[in-house]
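K.L.:
Following the hints, complete the assembly by docking chain B onto the known chain A.
Chains as they are written, first to last, in the numbering used here: chain A, 1 to 249; chain B, 1001 to 1674.
Everything labelled a hint here was simulated from the structure, so no lab data went into it. Among the hints, a few may not be true.
[Said to hold, decoys possible] No farther apart than 25 Å at their CA atoms in a straight line, the calculated lysine to any residue pairs in the SDA-like style are these:
#, chain 1, residue 1, chain 2, residue 2
1, B, Lys1619, B, Ala1508
2, B, Lys1161, A, Pro109
3, B, Lys1619, A, Gly88
4, A, Lys157, A, Val176
5, B, Lys1086, A, Val176
6, A, Lys157, B, Leu1254
7, B, Lys1234, B, Arg1431
8, B, Lys1161, A, Val176
9, B, Lys1086, A, Arg130
10, B, Lys1619, A, Pro73
11, B, Lys1086, A, Pro73
12, B, Lys1161, A, Leu80
[To be verified] From the derived model, a few chain A residues whose C-beta atoms are all more than 10 Å from chain B:
#, residue
13, Ser25
14, Gly41
15, Ala74
16, Leu95
17, Asp99
18, Ala115
19, Ile126
20, Asp223
21, Arg231
[To be verified] Here are the in silico distance ranges between beta carbons for each label pair:
#, chain 1, residue 1, chain 2, residue 2, range
22, B, Leu1504, A, Glu227, 47 to 55 Å
23, B, Val1080, A, Glu227, 41 to 49 Å
24, A, Glu29, B, Leu1087, 53 to 61 Å
25, B, His1634, A, Gly71, 26 to 34 Å
26, A, Asp12, B, Ala1157, 31 to 39 Å
27, A, Asp12, B, His1634, 51 to 59 Å
28, A, Gly136, B, Leu1158, 39 to 47 Å
29, B, Trp1511, A, Glu227, 39 to 47 Å
30, B, Arg1257, A, Val112, 24 to 32 Å
31, B, Ile1280, A, Glu174, 47 to 55 Å
32, B, His1634, A, Arg199, 51 to 59 Å
Only a predicted model underlies this, so the values are computations on that prediction, with no experimental measurement involved. For each residue, glycine too, the CB sits at the ideal point set by N, CA and C.
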Amino acid sequence: MTAPLLDVAGLDVRYGPSQALFGVSVAVEPGSVLAVLGVNGAGKSTFARAVSGLVAPAAGRITFDGQDITGLPAHRIRRLGLTYIPEGRGIFPGLSVTDNLRMAVAQEPRNVRAAAIDRAIEQFPILGNRPAQRAGSLSGGEQQMLALARAFAVSPKLIIADELSLGLAPAVTESVFQSLDEARRSGITVVLSEQFVHRALAMADSCVILTRGRVGWAGPATDAGREVLDRYLGEAEHPRPTVAAGAGD
Amino acid sequence: MLQFVIAGLVLGGIYAIASAGLVITYTSSGILNFAFGAMAFFIARFYYYLHTQESWSILAAAAVAILIAAPALGIVLYAVLFRYLKLSSPLTKVVATIGLSVALPALATIIFGTGAIQQAPGLAPEPVKVFHFIGVPVTLDQIIVYASVVVIVVAGALVLKYSDVGLKVRAMVDSTAMTDLSGTNPTAISIGVWAVSTFLAGLTGVLAAPIIGLDPINFTLLIAASFAAVIAAKLRNLPVAVGVGLLMGVATSLIQRYLPPASAWTTEIIDAVPFIVITIVLVYNLVRRGRVGETEAWGGALDRAITPQGESKLAASTSTVVETASLNFFGRYAGPLVLVALAVALPLVLGGYWVGLTAQAFAFGVIFLSWTLVTGEGGMLWLCQITFAGVGALTTSQFAGHLGWPVLASVAVGGFVALGLGALIGFLSIRLGDLYVALVTLTFGLLIENLVFTLPRFVNQGLGLTLNRPSFASSDISYSYLCLVAFVIVSLFIVNLRRSTTGLALNAARWSQAGARTSGISVVQMKVLAGATAAFIAGIGGGLLAVAQTTVSPSSFATFAGIVWFAALVTIGIRSTAAALVAALAFVMLPAISQAYLPTWTGNLLPVIFGLGAISAAKYPDGVLAEQSRRLRHLLQRVAPDALADEHFAEEVEAGVVDTEAVGMAPEVAGQLS
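Extracted from the complex, chain A is given alone in its bound form (with noise of 0.2 Å):
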């Protein structure tokens, strides 16, 4: 068995005087899917969050590719591989779609930027019709192809997806899911966590369920299976498809 990539270890995480995740343990394998299921405030954000160091963790260990990045400002962490796509549009929206992709890249050295901001846009080119448009004003769909194209464009390690497809139509979520697949496929470690939790089944390898800020259960993604999932999700598990369609972009 390989090293894990990403390795979480008993984390806690506060909002203040609130804890909202309790000894936290994950560990996700190179080249692997993790989904991270469970209810509403179950802590699937707060994860995301710590993991990409945002907010910082109250007490536990994070590695990631070997490396202890507990405590690390996010900026260190995203430098090292590990790129997260919060929830709700990972974007500027005041900024242009180029001026997205340039903040994504500014990090690479200075040559290879505008072939990453190429190919990123060879990816999805709807991007590259309205390079001067602000990307607030760019529809929900295309705002997360905006937000996975900065997810890409500089060959992370590892991508946090945190709730892609919140939102969006449901031939847009398919196509979110597709490049999801694509990223898998060419060596990208994926840890997403998902409302529509049999899709997000079908593309993992392994499953989390978090239940109020603790691991509720953890096991391969096939072991999920009916009585786990009403378990510990009941009726989450199965979105209303009126509020996905009718929360469209």
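P.N.:
Coordinates of chain B only, in the frame set by chain A:
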């Protein structure tokens, strides 16, 4: 005409540079820097020190002051202050920068030498060369201002639009968290922005010094005028801020051209230009959008999500009512009773001159209580309480002096006139965000100071107006007690209000307007009520102060003096009535002690202390007194847990009637109870 436009562009250019400096730090860090004028003065004073006092060449002095010292000042202030402010509430941010604006000029005087300097050289060699440009004489100093504006606007636009650094700054303005996630260190960008901003402050200072002299008050006035351009830019729009700044300069100059130069009206209108601009902009925006606020102005959803709730210490600080709920009579009232006993003893143990000062101190205490109410309880940052005090003092003098009313009745009338003004301001600022309220009240104070306090009827050829004390309290000692009684009455009123339903509603409106509205509280009513009552208190305090001094000189109610008062109060504590008394005693007694017994330079140390005290609001928003008494109480609770505890309350906790967590009690205190 052209001549006046060209002349106006000098002042306008200085406004433009200053507003650019204010806007960039606001957009990138959410801090509206009330100390910008003080920073400008500090650097200009340093330039004068190097160039005039130490005879450095212009180039060397300018390079060291503007290019090295100014950015260094910004970096140091970032390291010790601004980075801690980023997550604070708007109120704390304003209070801390106000503290800085009080401390910096006094610090400059201590370091570089005393006194306001009327004539300061600019960047042009003396005698300043005069050129003729299509028949209009233009000095080299003016040309340097034009050149600076052009260079800053062009270079700023190019850097922001095309360079990597500019991109990162724009990205950070959009979202700090996303910038961090993109691999760019937001702290490095913040430091850079503050360095650029203080560079602009330094440049503003050195360019303005030949025009307005090296007087800290003139500098703060200049920046107060620039605030008008910043408000027009809704705090964020850089091009609009620069444009409005330039226009205001030209407008001022054109008013001088077309209005009769000898008329008193002309100077008054010129002084009122910033206020007129602010009024037009706010009314326009209120009519168009119904509300002017800055709550959503900074950061994105992600930034708000990762900001821990209750991170702002001011928000986390619990009210005294909650803190003392578990205490018995002794624990709750020992402190205030000891303080009042000391205050009663003070006029008896002191002699002569010092007794007169205690009377003034108690009157100051009443004025300070108006902030305890409007800011401490109401959460509204009003910077014009000194103006209300001045209105109270002047009204008292008119009624008592000219109309022959009894003096205490005149004081009451003064209170009611102030109440009317307070209600008006409260009503006008209903739909404004915290920062705008601070800015509007500041400019309102300046407006009244320039338009009303300068009327010949009040100034009385610089002599002021005399007042007689009431016959039953004509001696210093009896008048002291009269003021102390007034203080205690107002204190009891505030304490009572705090515990009443109205106080609860006021507090609710303070922490969440939406929450208060949905609970059926009229936010409008609460704001007008708090503002008007506070203005009444300030007016009464001003009247009492005037009677204590037996003369009223309107110049002693200058708006900027009020900012020092405010800093003194915040240092001791803005939320407690006892703190108002301590602050007033400190504010009146310490300068007198320093004058009588200590070397002269210590006089300048006081504003520095008060300024630093206000800055420390970032850490202890409740002030020194509350912090120390809390420590004392916790110590007592540890040493003798039963001495202060209220048995009834402990029983309720045990029975589960009172949820200690819900009332915001610290777990360790709650643990001792059960």
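K.L.:
Give a verdict on every hint.
P.N.:
How the hints compare with the structure:
no. : hint                             : verdict
1   : B:Lys1619 - B:Ala1508            : 23 Å, holds
2   : B:Lys1161 - A:Pro109             : 21 Å, holds
3   : B:Lys1619 - A:Gly88              : 33 Å, violated
4   : A:Lys157 - A:Val176              : 19 Å, holds
5   : B:Lys1086 - A:Val176             : 36 Å, violated
6   : A:Lys157 - B:Leu1254             : 64 Å, violated
7   : B:Lys1234 - B:Arg1431            : 14 Å, holds
8   : B:Lys1161 - A:Val176             : 31 Å, violated
9   : B:Lys1086 - A:Arg130             : 35 Å, violated
10  : B:Lys1619 - A:Pro73              : 23 Å, holds
11  : B:Lys1086 - A:Pro73              : 17 Å, holds
12  : B:Lys1161 - A:Leu80              : 28 Å, violated
13  : Ser25                            : 22 Å, holds
14  : Gly41                            : 13 Å, holds
15  : Ala74                            : 4 Å, violated
16  : Leu95                            : 6 Å, violated
17  : Asp99                            : 6 Å, violated
18  : Ala115                           : 17 Å, holds
19  : Ile126                           : 21 Å, holds
20  : Asp223                           : 32 Å, holds
21  : Arg231                           : 29 Å, holds
22  : B:Leu1504 - A:Glu227: 47 to 55 Å : 50 Å, holds
23  : B:Val1080 - A:Glu227: 41 to 49 Å : 58 Å, violated
24  : A:Glu29 - B:Leu1087: 53 to 61 Å  : 37 Å, violated
25  : B:His1634 - A:Gly71: 26 to 34 Å  : 30 Å, holds
26  : A:Asp12 - B:Ala1157: 31 to 39 Å  : 47 Å, violated
27  : A:Asp12 - B:His1634: 51 to 59 Å  : 27 Å, violated
28  : A:Gly136 - B:Leu1158: 39 to 47 Å : 24 Å, violated
29  : B:Trp1511 - A:Glu227: 39 to 47 Å : 45 Å, holds
30  : B:Arg1257 - A:Val112: 24 to 32 Å : 59 Å, violated
31  : B:Ile1280 - A:Glu174: 47 to 55 Å : 53 Å, holds
32  : B:His1634 - A:Arg199: 51 to 59 Å : 54 Å, holds
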